[in-house]
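Going down the list, the sequences are from chains A and B.
Just so we're aligned, residue 1 is where the first sequence starts under my numbering, counting upward by one.
Just so we're aligned, residue 1001 is where the second sequence starts under my numbering, counting upward by one.
Derived from the structure by calculation, the hints contain no laboratory data.
For clarity, every value in this text was computed on a predicted model and none was experimentally measured.
For glycine and all other residues, C-beta sits at the position ideal for the given N, C-alpha and C.
Worth double-checking, as some hints may not be accurate.
[Claimed, not checked] Which residues of chain B face chain A? A partial, calculated answer using Cβ under 10 Å:
| no. | residue |
| --- | --- |
| 1 | ALA1439 |
| 2 | ARG1452 |
| 3 | HIS1454 |
| 4 | THR1455 |
| 5 | LYS1456 |
| 6 | CYS1492 |
| 7 | PRO1513 |
| 8 | ASP1549 |
| 9 | GLN1550 |
| 10 | SER1552 |
| 11 | ILE1563 |
| 12 | GLY1567 |
| 13 | THR1811 |
| 14 | PRO1812 |
| 15 | GLU1817 |
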Amino acid sequence: MTKWIEIGTLNDIPVLGSRVVRTASGNIAVFRTSDDEVFALDDRCPHKGGPLSQGIVHNKRVTCPLHNFVIELKSGMAVAPDEGCTRAHPTKVENGIVWLGVQAVATVPAE
Amino acid sequence: MLDKVNKPKLVVIGNGMAGIRTVEVLLDRAPDLYDITVFGSEPYGNYNRILLSPVLAGEKTVDDIMLNTEQWYEDNGITLRKGEMIEMIDRRTCEVVTAEGARVPYDRLLIATGSNPIMLPLPGKDLPGVIGFRDIQDVEHMVKASTSYKNAVVIGGGLLGLEAANGLMKRGMNVTVVHLLDTLMERQLDQVAGGLLRKSLEERGMVFKMPAQTEAILGTDRVTGVRFADGEEIPADLVVMAVGIRPNVELARKAGLYCERGIVVSDTMQTYDGRIYAVGECVQHRRQTYGLVAPLFDQAKVCANHLAMKGFATYDGSVVSTKLKVTGIDLFSAGDFAPGADKEEIVMQDASRGVYKRIILRDKRIVGAVLYGDTVDGPWYFQHLRDGTDVSHMRERLVFGAANLGDGGHSGKNSVAAMSDDTEICGCNGVCKGTIVKAISEKKLFTIDDVRAHTKASSSCGSCTGLVEQVLAFTLGGDYSAAPKVKPICACTDHSHDDARRVIVENGLKTIPDVMKFMDWKTANGCHSCRPALNYYLLATWPGEYRDDQQSRYINERVHANIQKDGTYSVVPRMWGGVTTPDELRAIADVADKFNIPTVKVTGGQRIDLLGVKKEDLPAVWADLNKAGMVSGHAYAKGLRTVKTCVGSEWCRFGTQDSTGLGIKLEKFMWGSWTPAKVKLAVSGCPRNCAEATCKDVGVVCVDSGYEIHFAGAAGLHIKGTEFLTKVATEEETLEIIAALTQLYREQGWYLERMYKWCDRVGLDAIRKQVVDDVANRKALFSRFAHSQQFSQSDPWAARAERGVDRNEFTPLAELELA
Ligand SMILES: Cc1cc2nc3c(=O)[nH]c(=O)nc-3n(C[C@H](O)[C@H](O)[C@H](O)COP(=O)(O)OP(=O)(O)OC[C@H]3O[C@@H](n4cnc5c(N)ncnc54)[C@H](O)[C@@H]3O)c2cc1C
Ligand code: SF4
Ligand code: SF4
Ligand code: FES
Chain A
1 MTKWIEIGTL NDIPVLGSRV VRTASGNIAV FRTSDDEVFA LDDRCPHKGG
51 PLSQGIVHNK RVTCPLHNFV IELKSGMAVA PDEGCTRAHP TKVENGIVWL
101 GVQAVATVPA E
Chain B
1001 MLDKVNKPKL VVIGNGMAGI RTVEVLLDRA PDLYDITVFG SEPYGNYNRI
1051 LLSPVLAGEK TVDDIMLNTE QWYEDNGITL RKGEMIEMID RRTCEVVTAE
1101 GARVPYDRLL IATGSNPIML PLPGKDLPGV IGFRDIQDVE HMVKASTSYK
1151 NAVVIGGGLL GLEAANGLMK RGMNVTVVHL LDTLMERQLD QVAGGLLRKS
1201 LEERGMVFKM PAQTEAILGT DRVTGVRFAD GEEIPADLVV MAVGIRPNVE
1251 LARKAGLYCE RGIVVSDTMQ TYDGRIYAVG ECVQHRRQTY GLVAPLFDQA
1301 KVCANHLAMK GFATYDGSVV STKLKVTGID LFSAGDFAPG ADKEEIVMQD
1351 ASRGVYKRII LRDKRIVGAV LYGDTVDGPW YFQHLRDGTD VSHMRERLVF
1401 GAANLGDGGH SGKNSVAAMS DDTEICGCNG VCKGTIVKAI SEKKLFTIDD
1451 VRAHTKASSS CGSCTGLVEQ VLAFTLGGDY SAAPKVKPIC ACTDHSHDDA
1501 RRVIVENGLK TIPDVMKFMD WKTANGCHSC RPALNYYLLA TWPGEYRDDQ
1551 QSRYINERVH ANIQKDGTYS VVPRMWGGVT TPDELRAIAD VADKFNIPTV
1601 KVTGGQRIDL LGVKKEDLPA VWADLNKAGM VSGHAYAKGL RTVKTCVGSE
1651 WCRFGTQDST GLGIKLEKFM WGSWTPAKVK LAVSGCPRNC AEATCKDVGV
1701 VCVDSGYEIH FAGAAGLHIK GTEFLTKVAT EEETLEIIAA LTQLYREQGW
1751 YLERMYKWCD RVGLDAIRKQ VVDDVANRKA LFSRFAHSQQ FSQSDPWAAR
1801 AERGVDRNEF TPLAELELA
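Model the full structure from these sequences, guided by the hints.
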C-alpha cells in the first residue's frame, strides 16, 4: 500500500535542483525539473553510493556528483552505457504541496 | 560573418591527407577566414591513404577509410572540385587553370599534390597489368586482377612493396617479391631484423628473389612475365612497382617556383612566392622530403596557423618512425641504425619468442631503434630518441623496455603500449587499460567521448585524457591519430566552446536559456557538461551583470566545499601566501573539536584541510572560521586556488626579494576570480625555487634585479615545466602582467581547459604579444580583470553563514519517521 506523506511545498525545491528528505532508512532525494515536475529517488547512486541530491539536474535526469553517472529521475535507471538502478518513489504535487508516496515496509517489492 | 564574395580566396591543389589536414586545422583556428576551394584529381572525398594496405588485404573496405564525406565539405562551406586536375598555376594573374581550361582566382594557394610512384624505365613498363601502389584505383585494379589471375610480382622489398605483396597473397595470388638488395626494408631494418621478417613472410607463403635486378617486363597485350639480369624468367600476370616515390612537383616547377627534389619551402611552409604554400610529400624542407603522415601533419599544423594569421609556429623538421602494417608481424624502426665508430649498441635476441631488439646509442642518447616481434616499447624508445634523453642511468635495463623501469606510465603517453592490462589508467574512476581496450574493441569505440561514456575513464578530473587517447590510438592501430574535428562542447550541441564564447559576445546573450535557444541546443536544459561551461562563459563575459546560476554549478562550487566519497565535505580556509597565525590555528583546532571533524590535514598548497564535515554543519563551521578572520580558500573553485610562497628575503639567507609579501599581495588581489579551470600560483624568493614556482599555472621567481614571470606549468598527471613569459623590475608590473595574463586566459580559455593547455592551443608567442609586448592591450586586460574583481571578492562563506544565502541547500526538506 502506498502511503502519501506531505513533505513541503514546490517552492522549497529549487528549479533544476533537489532537496533531501531524511528517513531512518536513508535519505531520499526530491528533484524538481524545469517544468515543475517532481521526482524522488533514494539518495544513493547505483555506482558507488554517491549522493544524487548533490548532482546537476537536466531535463528529467540527474548527474551524480562523484563520477558522472546519469540517472533517469522517473525510473531511477542509469542512462546507457552506464548500468544500474536506484529506487524511485512516487510523488505528486497538488496545489503547490509536494507529496511523497512510501510503501509500507512489508510490501516493498523485491525486484 | 563575411559573405563569400568578400572573403579572401584560398585554393588547395590536392585533396589528400596533408592538404585536407591543413584545411581542418585552419577551420579550427579561423573558421570563417577564407572562401576555400579544393581541387583533387581523384574522384573521391579525402581518404586515409595509409589504410589502402588493409583494404587490399581485405581487412577493411573503401568506405571504412573515407576521412571526409562530401557532406563535410558542404557543411564547412568548402567547394570541392573532385576529379578535376590543375594543369597550370598562373602566378601573374593569381589563378589556377584546370585541365578543361577553367580559371579560378586565388589570394592564397596551397599546393599539396603528394607524390607519384616511381615507375622503373624498363621495357614493357607500359603494358596492361603493370601498376604502382598509390591510390584507390590501384587497389581496385589489384583486387580485380586477383580474381582472374594467379601470379603476381612485386618489385621492391620496402614497406610499400611488402604491404602490397601481403595483400595480394591474402587475395589468393602467388606472390614473388623482387628486391635489389639482400635485406628487406633496408632503410628501416638491419640485416638480422630483415632476415627475421623474410623468414616469417616466407612461412606465410611469400617467395623472395633477392638480390636481383629486373631487366624487362615481358608480354605483348598484357604482362606475362619478368626477366632478371641473370637471365631467369618468371611468369607474372600482375606487376606492382613499389620502388619508391617521387615528389609531385611538376606543376610548381612549371609555375617557376623553386624546386629541387621537392618544392622548396621555408619554416612557415611558404614557397618562394609568399602567397603560395606547400605541404605534404611534394615538399622539401631543409633538404628533407618525407613519405609518412606524422611529419606531414606537423607541417599541416604550422601551415594552417600561418594561413590563419595566428601564432608564429615554425616547422623544424621531424624524426620519423615506421611500423609495417602486416597483420601478425610486429616491426618497429626509428632513427639511425647504421653502425659507426661513435655508436654503441644494445642487442637482445630471443630466438624462441622470435624477438629481436637493437637500440643504438650515441653520447648516452638513443639515436636509433629496431624492434622485431615485440614492439610495444617502440613509442617509448622513440620518445626518448626525439627528446634526446640521457639514458645512461637506465642503460642496463633499457632493452627490456618501459615496463621494466618501474614507470607506471604516468610520465605520459609513450608508456601506454608497454602497460599491462591491469595498469590503472584513470585513477579517479579506477579504470584499467584492459577495460578500456576491451570496450574499444567490443563496442567499436572511436572517440574519446565514446570511451568516456562506456568506461568512465577520463570522465572526472580529465587529467588522464591524454593517456586514454593513447590507448585509443594504440588499440585502433594506425600510425596517426584521427583528425581533430571541431569538437562540440558535448552531445547537447554541435557547437564548439569557441562558437559559444563568440556567440555570447557578438549577440549580447545574457542567460543560459538564451544561449541554448540562439544556438539551437538539442536538449531542453543541457547537461552537466555544457551548463557549467555556459555559466562560466556568461560570468566571464558579463561581470557584475550576469547572475551566477547555482543549479549550473558543480556541487563543490554550489556549496563552497569539496564533496568527498562518502558525501561529506572538506573545508579549506584561505591562508594568504601560506602564512598563518597562532590565533587562526587555535580557531581551526576549536572548530575541529566542536564539530568532531575526523581528519585535519596539511595540503600541498600550504594550508589546512578539514575533512569529513557534514553538509548541514557547513554554515556553522564557516561562521566560526569567519569569526577568527578566515575566509573561503576556494579549494573547490575553477578559480584562483593558492599562492604558494617561500620565506624569501625576510628570513632566507638567499632571498633576493620579499616573495612572501608579493605572494600575499597577489592572492589578496586575485582571490575570488573565476577562471576556466583552477589556477595555482607560487612565488619563490630566488632561483633555488623552494616554492616550486616553475610547475604552477603562474610562477614568479625573484632574482636580484627583479621578477621573472613564468606560466603554463602543470604538476598533476601531466608534468610540465612552465614557459618563461617575461622579466620585470617591480612588484607592480608583476601584478599587472599576471592579472592581464589571467584575464586573457579567462577570455579565451575553454571551460575546464587548464592554462597550459590553453597556451598550447593559442601559442606562447601570441600570449606574450598580448600581455607583454602590447602595453596598451595589457593595461586594458588588467582593467577588465580589476573591474570584474569588484563583483567577485565577497566571501561566499560569510554570505551563507551569516546572511543565510542558499539556506535551503544545507537543511533537509523534511524528516520522516519511517520504518
Ligand atoms: C599503400 C600505402 C601505405 C602507406 N602506409 C603508410 C603508413 O603506414 N604510415 C605512414 O605514415 N604513411 C604511409 N603511407 C604514406 C602516406 O599515405 C603519405 O605520406 C600521405 O598520404 C601523403 O599525403 P599528401 O597529402 O602529401 O599526398 P596525397 O595523400 O597523395 O595527396 C595528394 C593528392 O593530390 C592530388 N593531386 C596531385 N596533383 C594534382 C593536380 N595537379 N590537381 C589536382 N589534384 C592533384 C592527388 O590525386 C592526391 O589525391 C602510405 C602510402 C601508401 C600509398
Ligand atoms: S586527492 Fe587527488 S591524487 Fe588523491 S586520490 Fe583524490 S584525486 Fe587522486
Ligand atoms: S627560493 Fe630562495 S629565497 Fe626562497 S626559501 Fe628557497 S632559497 Fe630561500
Ligand atoms: S557514485 Fe555516482 S557515479 Fe560513482
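The hints, checked one at a time:
| no. | hint | result |
| --- | --- | --- |
| 1 | ALA1439 | holds (9 Å) |
| 2 | ARG1452 | holds (9 Å) |
| 3 | HIS1454 | holds (5 Å) |
| 4 | THR1455 | holds (8 Å) |
| 5 | LYS1456 | holds (6 Å) |
| 6 | CYS1492 | holds (9 Å) |
| 7 | PRO1513 | holds (9 Å) |
| 8 | ASP1549 | holds (9 Å) |
| 9 | GLN1550 | holds (7 Å) |
| 10 | SER1552 | holds (7 Å) |
| 11 | ILE1563 | holds (6 Å) |
| 12 | GLY1567 | holds (4 Å) |
| 13 | THR1811 | holds (8 Å) |
| 14 | PRO1812 | holds (5 Å) |
| 15 | GLU1817 | holds (7 Å) |
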